[in-house]
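Use these hints to put chain B onto chain A, whose structure you have.
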Amino acid sequence: MTSGTAFSGDDPRRLLSGTRELTDQVRRTQRATWFPLLVLAVVTFAAIPFRYSPHRLGTCAATATVRICTAYPPALLVYWPTALVLAYVVIAAFYIRRSQARGVGTRVRPYVVAGIILALAMTGSLVWTLYHPLAFPLAGAGLFSALHSYPFAIGVALVVLSWAERNGALLALALGYSAVVLVTSAVGSVSGHGWLGFPVQLVIPGSVLLLGGIGFLLAQRPWRRAA
Amino acid sequence: MTSHPANGLDDIVHQRVRLGILTIAHEARRVEFSYLRDTLGLTAGNLSQHLGVLETAGLIAIEKGYAGKRARTWVTLTKAGQAALEDEIAQLKLLIGRIEPAGTSPS
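Quick mapping for you: the protein sequence lines, in order, are chains A and B.
In case it helps, the numbering used here puts the first sequence at residues 1 to 227.
In case it helps, the numbering used here puts the second sequence at residues 1 to 107.
Please note that a few of the clues may not be correct.
EDC-like mimics (lysine to aspartate or glutamate), calculated; alpha carbons at most 20 Å apart, straight line [what the hints assert, rightly or not]:
{"id": "1", "chain 1": "B", "residue 1": "Lys79", "chain 2": "B", "residue 2": "Glu63"}
{"id": "2", "chain 1": "B", "residue 1": "Lys93", "chain 2": "A", "residue 2": "Glu21"}
{"id": "3", "chain 1": "B", "residue 1": "Lys93", "chain 2": "B", "residue 2": "Asp11"}
{"id": "4", "chain 1": "B", "residue 1": "Lys79", "chain 2": "B", "residue 2": "Glu55"}
{"id": "5", "chain 1": "B", "residue 1": "Lys64", "chain 2": "B", "residue 2": "Asp38"}
{"id": "6", "chain 1": "B", "residue 1": "Lys79", "chain 2": "B", "residue 2": "Asp11"}
{"id": "7", "chain 1": "B", "residue 1": "Lys93", "chain 2": "A", "residue 2": "Asp24"}
{"id": "8", "chain 1": "B", "residue 1": "Lys93", "chain 2": "B", "residue 2": "Asp10"}
{"id": "9", "chain 1": "B", "residue 1": "Lys93", "chain 2": "A", "residue 2": "Asp11"}
From the derived model, a few chain B residues whose C-beta atoms are all more than 10 Å from chain A [said to hold, decoys possible]:
{"id": "10", "residue": "Ile12"}
{"id": "11", "residue": "Gln49"}
{"id": "12", "residue": "Gly52"}
{"id": "13", "residue": "Val53"}
{"id": "14", "residue": "Thr56"}
{"id": "15", "residue": "Lys64"}
These are computed hints drawn from the structure, not numbers from a lab.
Bear in mind the structure is a predicted one, so any value in this text is a computation, not a measurement.
For each residue, glycine too, the CB sits at the ideal point set by N, CA and C.
Chain A on its own, in the form it takes in the complex (with noise of 0.2 Å):
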């Protein structure tokens, strides 16, 4: 396909909607934005068996008028780095090997490097709260727990990646998303993190993420050569 009939002619107005046809064209063939969000929706689906397993990390502080005790299963915390780092590095890998057979460039190491540290970040700040229980606040934990979460790093991360392929439709996607981990953050503290309220807090955002995928792998047509 090519634009050279919409951008043609001297006359300054068709001359500046030629660049911006031309830059949306640009941006429509780097743009592969259903790829990320399917392999994360595979990575948060997939932790679901390790919020079963033991909860061996934490320790109990108490002040004069309070004890609080925090666990966390350790196979959780080596999964969710992990897969986050790999599933990242695939995704770097697939946006290049896609750039070069496209003949453009791509704009996804910000949101890689971003994935990146933000996945790390959360560990290393897990881990922290974890043995400083105290730290927890009592007030707004669901809050605080949805902030300390990897889903809601998931989608941080994704605000980068809208920014940097220039994509109004995830940016709402991305802040949707988000908020929909700080509600089901709190649904799965009042359900007390049981049998319900672990898998809400993942089967949920895992979905969002899922449909969104789809919805952009139908919108995006990756199978069509050049957009």
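Positioned in the frame of chain A, the structure of chain B alone reads:
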């Protein structure tokens, strides 16, 4: 008296194909010869001529290599090319501002 915006246009950049090349290279960061050829609807020879003009002016850098056994030519925008593109867009907007009567907008 201020000069007319048309006087600020760079003859090298103010040409629809070369402006298209700079626009694509800017947005793509790195673009392959065949993508430029197909997107702008040019022949290989015609595109090569325009790339030569832009490279001589220092607005783009051309890198040749191989992807497997296939020869590939990649084009990237230089800092001078980036500045020239920004100037051209600014001048075009000024020109449109002069052409358009107050209170109307381009269709």
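Exercise for review: Any hints from earlier that this structure breaks? Give me their numbers in increasing order, please.
Suggested key: none
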